[in-house]
Amino acid sequence: METVLKVENLSKIFPKVVANDNVSFDLKKGEIVAILGENGAGKSTLMNCLYGIYHPTKGDIYIKGEKVKLTKIEDAEALGIGMVHQHFMLVEDLTVAENIILGRKTGITPYLDLKKVEKAVKELSDRYNFGLNPKSKIKDLSVGTRQRVEILKMLYRNADILILDEATAVLTPQETVELFKTLKHFVDEGKSILMITHKLEEVMELADRVVVLIDGKMAGSVNRVDTNPRQLANMMVGRDVLMDFDIKPVVHDNLILQVKNLTVKNNHGLEKIKNLSFEIKQGEILGVAGVDGNGQAELAEALTGLMKIDKGEIVIGEKVFTHLKPKMIYEQGMSHIPQDRHERGLVLDMTVNENLALEGISHVPFSYNGIIDFKYIKSHGKAMIKDYNIKCYDGSCPTKELSGGNQQKVIVAREIDRKPNIIIAVQPTRGLDIGATEFVRNKLLEEKERGAAVLLISTELEEILMVSNRIAVIHEGEFMGVIDNKNVDILELGLMMTGMRGDKDEK
Amino acid sequence: MKNRENIIAPIFGLVVGILVSSLLLIMWGSSPLKAFEGLYIGSFGTLGAISNTLIKAIPLIIGGLAVIISYKSGIFNVGVEGQLFFGAMGGAVIATLPMFQDLPPFISIPLSIVVAMMFGAILGFIPGYLKAYRGINEVVVTMLLNYIIIFFLSQQVQPGGFLHEPGVTANQSAYIHEGMKLPLLFSGVLTKVHIGLIIAIVLVVIVWFVMSRSSIGFKMKAIGLNPKAAQYAGMNMNFIQTNVMIVSGAMAGLAGAIELLGYHYRLVENFSLGIGYNAIAVALLANLSPIGVVLSAIFFGALQAGSITMQIVADVPESFTKLVQGIVVFFVIAGAVLPKIINKKLTMNRLAKEALEANQLEEGQEDA
Ligand SMILES: Nc1ncnc2c1ncn2[C@@H]1O[C@H](COP(=O)(O)OP(=O)(O)OP(=O)(O)O)[C@@H](O)[C@H]1O
Ligand SMILES: [Mg+2]
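Taken in order, these protein sequences are the chains called A and Y. Going letter by letter, the first sequence gives residues 2 to 508 in the numbering used here. Going letter by letter, the second sequence gives residues 28 to 395 in the numbering used here.
It is worth saying that the hints were derived from the structure and are not from the lab. The reader is advised that the hints may include incorrect statements.
Said to hold, decoys possible - Restricting the straight-line Cα-Cα distance to at most 30 Å, the calculated cross-link-like pairs of lysine-lysine (BS3-like) are:
1) Y:Lys255 to A:Lys392
2) A:Lys326 to Y:Lys255
3) A:Lys383 to A:Lys17
4) A:Lys140 to A:Lys68
Please put together the full structure from these sequences, using the hints given.
Right, here's the structure in full:
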């Protein structure tokens, strides 16, 4: 088989951080290679070097046998390399076709022939069953669809070496299945794929070969057929990751969070949450499963004061609220791990320490009478970095320089550490490596045992099954049923996700 | 190290700016040496020159601070000009209308300043409120308000206007009341530098403290950097932004009062034209640092103060001095950016090398 890409002794060094250290591997035509490694191991950096975003400090890159120097993205694209980033790079206010042609020309003249692009996009989309409308605006599209736009962007530019950085992290299981079909199709056409993922099942399903990185160094490269998830986990983390949790039964009777007849409309006036009622007891985790886009985001936003409540009320402890503001949420001891870490969760231009202090800043001990206690912020940051295993040189590191998973850990640390009464966690382990995922799930269980009421919203059914006491299935803004985790029937859950009402609705 | 960079960069730009304008001067047929000598003499050459420079710098410092606090909080206050004018009008109500002429100065001076700040605050509140609660772009609103206020002032100092000096045909207000001139510093030894300098320096310290040490400054920065995350973290963005604009406007109004009571002593058409816009350049050149604003305002002040001497000494028309000013400012601001990029690359490389060495050291230890 022809080798389409080869990396030799590549090192990438940032000020204060060695992200890649002497990495060598290759990729053959029609092959899928998975890059595995803990958060901050240097996977994204390595891929960015191959895509011309970063320049290796040392080492060589060969594309189709030729040694190349990639100084900018266009260089990489000219050689047939395409990349879908961990965080999408789309302009929300532009259409699909406009995003795809962004920064490119349609012909020799500067005139933009959008019709031509739209036609080509439509053809490509039809060929791979993407179902994209070239004219729809990105901001109106679901995450899965946005990703298809990113993939189409690569195809439009004739990429045959595809790099996917945690492509499945934001996808629902259904969308993942679709994506994998497409990827297999690509490989059959002779394209080659480099993929980063934290999900070992995906590696086992898709990859031909696996390259494992530890702390920027190559820890090994194995053929898929010669390995298994357990061995891979061991290679990465150096221990077994069991994901075996003990869900203790709920021992308290008092209700911490009650939602009564909640109705929420989006800004087009559509009802996204319809007359929804539920409650969570002290020391209980209620998991909300469902296909993405069925009101999960709106539910979380309404509960945390970011979206207006149209009807109904929210009872926190004894207090009844018919409208909420983020500030009130904090005062009521509610924590929120948001879905979109860049948009809502972090101020990327601030340091890790500052982000960890973001919510507490007006309160003791972060500040006294409005004057910041920098010493406390520093020591608090130091403790969080240690406890939550956030990889950075120290707390004064700008958050934007952290790896994706480590950014997520900053949010989780901030939200969980303040001993909240209620935790609203939306996809809390998105982008985390298996060790960190296990850690966060354990944390949620610990918090619940301490007495917190937890609402866990996740499109990963597996995650919900692992830690929840009860499981609700949301469909078009309504619960199709709430089931005790002890008597779960996966098939029934699956049916409920498609909109079938569960027959038993236990409390 | 960062501070060093912030000072070296503009100096680099200054040198390039001087070279380029020298070329122009030579082409014009006058001596660049003479011209810049004139500029220097007029801005720093004598005590009087220094005093002129400082007097020009005072409103720029305060205006620059007004720009900084809004910019850091995610609102671009382009309206310092209008707020300054409006503030000066408010101050003039107390300082020039006959009905207040019997107030003792220790009441009338602070009162005039407070009214000026209130006028400025009102003008800041309008775009602040519209931005925060109605989502209307603040740049557009502040720009339009600038026009309105500048014409409004010019109308009010014309015959028939409520601030017009009765009995004269010139478009001007009455002279400020007896005893209302701002007290001079060093009992007048530095000729005309007035207490406004102290006010400006105190404000610099306050703004510096609030921005870097207080939780409210932290929130302002967070809102400026990522409004959504800041709101999610419980910060009341609308309220904070509106109030920042009120304070920013009040500062601009204060600058207006100081111009009135410390320098012009009466309102005229196009009173202090351009300070509000120069304040934006001052703030950007200072890299939005409250301390840096002092230096960059003095730089702008010196260019203005020295221009007349330059005109006389080098025998160039006034427009030419303006051109040279523009060129120098352009290169200083551009220069503030350029070496930063170079410098960043250099430090990156150095740090990278250090990190590599540290890593090898670590590896060596592991092996041992
Ligand atoms: N622009 C940057 N400047 C400085 N350091 C950086 C930068 N980008 C990444 N790093 C550092 O390099 C290391 C590797 O980061 P990278 O993003 O490649 O990790 P990753 O393997 O993709 O992790 P994750 O699974 O969390 O996405 C981290 O320690 C990170 O903090
Ligand atoms: Mg990554």
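Against the structure, the hints:
Between the alpha carbons of Lys255 (chain Y) and Lys392 (chain A) the distance comes to roughly 25 Å, so the proposed pair stays at or under 30 Å and holds. Between Lys326 (chain A) and Lys255 (chain Y) the alpha-carbon distance is near 13 Å, which keeps this suggested pair within the 30 Å criterion. For a cut-off of 30 Å, the pair hint linking Lys383 (chain A) to Lys17 (chain A) stands: about 17 Å separates their Cα positions. Restraint check for Lys140 (chain A) and Lys68 (chain A): the C-alpha separation of about 40 Å exceeds 30 Å, so the hint is violated.
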